[in-house]
Amino acid sequence: MALPKYTETRYRVWHYFYITICTCVFFFLIAPLFVIFPLSFNAEEFLSFSEGMKNLDPDAFSLRWYKDMIYGTKNPWGLAAKNSFIIAIFATLGSVILGTVAALGLSSRHMPYKGLIMATLISPMIVPLIISGVAIFFFMAKAGLAATHTGIVLAHIILGTPFVVITVTATLSGFDHSVTRAASSLGSDPVNTFMKITLPLILPGVISGGLFAFVTSFDEVVVVLFLAGLENTTIPIQMWTGLREQLSPTILAVATCLIILSTLILVTAELLRRRSERLRGINR
Amino acid sequence: MSSETGKILTTDGIPLEVSLKKAERKNKIKAFLLVAPLLLFLLITYIFPIGDMLMRSVDDKMVTEMLPKTFKSMEKWDGKELPPEEVFESFYLDFQKLVEEKRDGKLSTQLNYTKNGFKSILKKLRRKAKNFEEGNYKEQIMAVHQRWADVEYWRAIQRRAPAYTSQKYLKGIDMYKNEEGNIVSVEEDRRIHRILWLRTLEIAFFVTLLCFLMAYPIAHLLATLPMKYSNLLMICVLLPFWTSLLVRTASWMILLQQQGVVNDFFVMIGLVADDSRPEMMFNKTGTYVAMTQILLPFMVLPLYSVMKTISPSLMRAGKSLGGTPFVAFWKVYFPLTIPGIGAGCLLVFILAIGYYITPALVGGASGTLISNQIAFHMKSTLDWSFASAMGLMLLAGVLAIYWVYNKLVGVDNIKLG
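The listed protein sequences derive, respectively, from chains A and B. Throughout the first sequence, residue numbering follows my numbering, covering 265 to 548 in sequence. Throughout the second sequence, residue numbering follows my numbering, covering 58 to 474 in sequence.
Hints may be right or wrong, so weigh each one.
[Said to hold, decoys possible] Derived lysine to aspartate or glutamate pairs resembling EDC-like cross-links, with alpha carbons at most 20 Å apart:
| # | chain 1 | residue 1 | chain 2 | residue 2 |
| --- | --- | --- | --- | --- |
| 1 | B | K87 | A | D440 |
| 2 | B | K228 | B | D440 |
| 3 | B | K172 | B | E259 |
| 4 | B | K341 | B | E259 |
| 5 | B | K285 | A | E509 |
| 6 | B | K85 | A | D453 |
| 7 | A | K318 | B | D321 |
| 8 | A | K378 | B | D331 |
| 9 | B | K365 | A | E541 |
| 10 | B | K83 | B | D69 |
| 11 | B | K83 | A | D453 |
| 12 | A | K460 | A | D440 |
| 13 | B | K137 | B | E74 |
| 14 | A | K406 | B | D109 |
| 15 | B | K87 | A | D453 |
| 16 | A | K406 | B | D440 |
| 17 | B | K228 | B | D246 |
| 18 | B | K181 | B | E209 |
| 19 | B | K365 | A | E534 |
| 20 | A | K318 | B | D331 |
| 21 | B | K133 | B | E143 |
| 22 | B | K176 | B | E158 |
| 23 | B | K436 | A | E509 |
| 24 | B | K228 | B | D207 |
| 25 | B | K154 | B | E191 |
| 26 | B | K285 | A | E541 |
No wet-lab data here; the hints were simulated from the structure.
Given these sequences and hints, build the entire structure.
So, in structure tokens, the structure goes:
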């Protein structure tokens, strides 16, 4: 943002002040994430920069914590990663199917009590997680599903569906319903119409909702803390225990991997959002 | 002309009005059937369990069921003097039954909640009761321990007669029903829950304020910069948004610890001496800093999406009409961003008020919130009914805010990313 030449000095000063503030805020937002990278290569067992690291001594850096993460004795990360992925994949599938179908119904103009039902469907997003955790735990304990994968998957479906419902209803709001009517008038049955016409058009919304559901499940710790037994440990639970008890740099190695994963998800989500906006004809 | 001919008929001979209504109903059912699976799923696994929490929080049947005869015979007792022989007898019978079923330990824990001192006298009673003779139980029980002859203890038992209680809710705001049945506050130095509620509100409020103050300038910058720069900067907002909460909390733990980067920096610029590095973690400071950074994206995104829709020509018009840039901003631009401010602030406030993970890790004892207390009672004291009561009080607060949010912005307008 270049300033015009005729700008008065006080506005010039104000402008640079504003830019400085913005830079500081961006720094505050992003910098904490970058502390983790170098420290995860620390050769020593501390969570702070050693003298060697400050002098960029190559001996001060090592891959030992990454090795520990993968090969470490009695290390929990392998099992945790496996569980996390299994749970997140099933939870995402469940959320996407239930959420998309519900969004189709919700965006029909014939839907009765739309406001009330919408509020109910997205309530797991609004209710504080700790309360959801307590309520879901009571249900799972009664149903005998506590400390099972099924229980955790169901819990994550509860928490993930609101995101799918919101993104898919948003996509459907720009949806031209005459194309489905055209399909029906040409003799297509509703299921066929959905698979061949509606789904491909709303796919970006469905996938970005699915990504939200995936991240929610993959990152969820409050509800899992109530539900999980030793067998169902997940990456967030291991990180939680690690951060509370033995703060070892292995956690930073895991955190680095998670940041890389979230970057990948961010890029996918952004690309999808832009594609969906292009398809809906919103030019920015 | 009869009224029949006035109506338009479909080809089947049914009046059009009826036929349309039928089609309308069919569409309604169709739409509802699509929503039904998710609605049913959520009702069973989520909404009803929240109702279950409500039941648990007021439930006090345990003692009621353990001493059925006692409470029945107590109905006629006015509670002024020691209860009659009948009450002693039925208490003895109830108690013997509990001892047989090995449930007397539970009774003593429960009664001890109501009044301290029950544990030892029940233990003594159990020992002595084996050798009781039939008849005149009043004398025999009173002989076991002098407290059994104290009317206060019998009143304490009587207070546990109702199957429902508001006790847990009162406890959540540090109040209780005293022996006269009045609701009073606990002593000043034991009001831990009120401190927690106030701290939760305080932290949620200031985190929201800090987020607003930081998010407004950068949302404005993002909305006014040319696309190619703003997309790049947007990553700075979106990357933390998509990154695991625990990873972000971990990075703050590294930064804020005493030997951490922030303290190193303070020492380097000479702000603090090396041997007097301030504690920035495990207290309120840690909670504030970490929560503000973690919730900041939730403020930036709604502000950005509103600011994006404000045409830059409005500011130019304001300036060309003689306003200084500040006046133009304050009179034209700022009022237009109010919907975004409302959405962002309420979203951040709702999220902050129920925060659990970050305060638990960086908050220490002075930076924890009401959620941490709920988790503590769920996992450590196992007082689930108290945890439920506190959870529902928190939920009531959040729903009130949500209702305001819905009135002001509409839940359908929530935008993600």
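Hint check results:
no.	hint	verdict
1	B:K87 / A:D440	holds, 19 Å
2	B:K228 / B:D440	holds, 12 Å
3	B:K172 / B:E259	violated, 34 Å
4	B:K341 / B:E259	holds, 11 Å
5	B:K285 / A:E509	violated, 44 Å
6	B:K85 / A:D453	holds, 18 Å
7	A:K318 / B:D321	holds, 12 Å
8	A:K378 / B:D331	violated, 61 Å
9	B:K365 / A:E541	holds, 15 Å
10	B:K83 / B:D69	holds, 18 Å
11	B:K83 / A:D453	holds, 16 Å
12	A:K460 / A:D440	holds, 15 Å
13	B:K137 / B:E74	violated, 74 Å
14	A:K406 / B:D109	holds, 11 Å
15	B:K87 / A:D453	holds, 14 Å
16	A:K406 / B:D440	holds, 17 Å
17	B:K228 / B:D246	holds, 14 Å
18	B:K181 / B:E209	holds, 18 Å
19	B:K365 / A:E534	holds, 17 Å
20	A:K318 / B:D331	holds, 17 Å
21	B:K133 / B:E143	holds, 10 Å
22	B:K176 / B:E158	holds, 18 Å
23	B:K436 / A:E509	holds, 17 Å
24	B:K228 / B:D207	violated, 26 Å
25	B:K154 / B:E191	holds, 16 Å
26	B:K285 / A:E541	holds, 17 Å
Figure legend: structure checked against the earlier numbered hints; hints not met, in rising order: 3, 5, 8, 13, 24.
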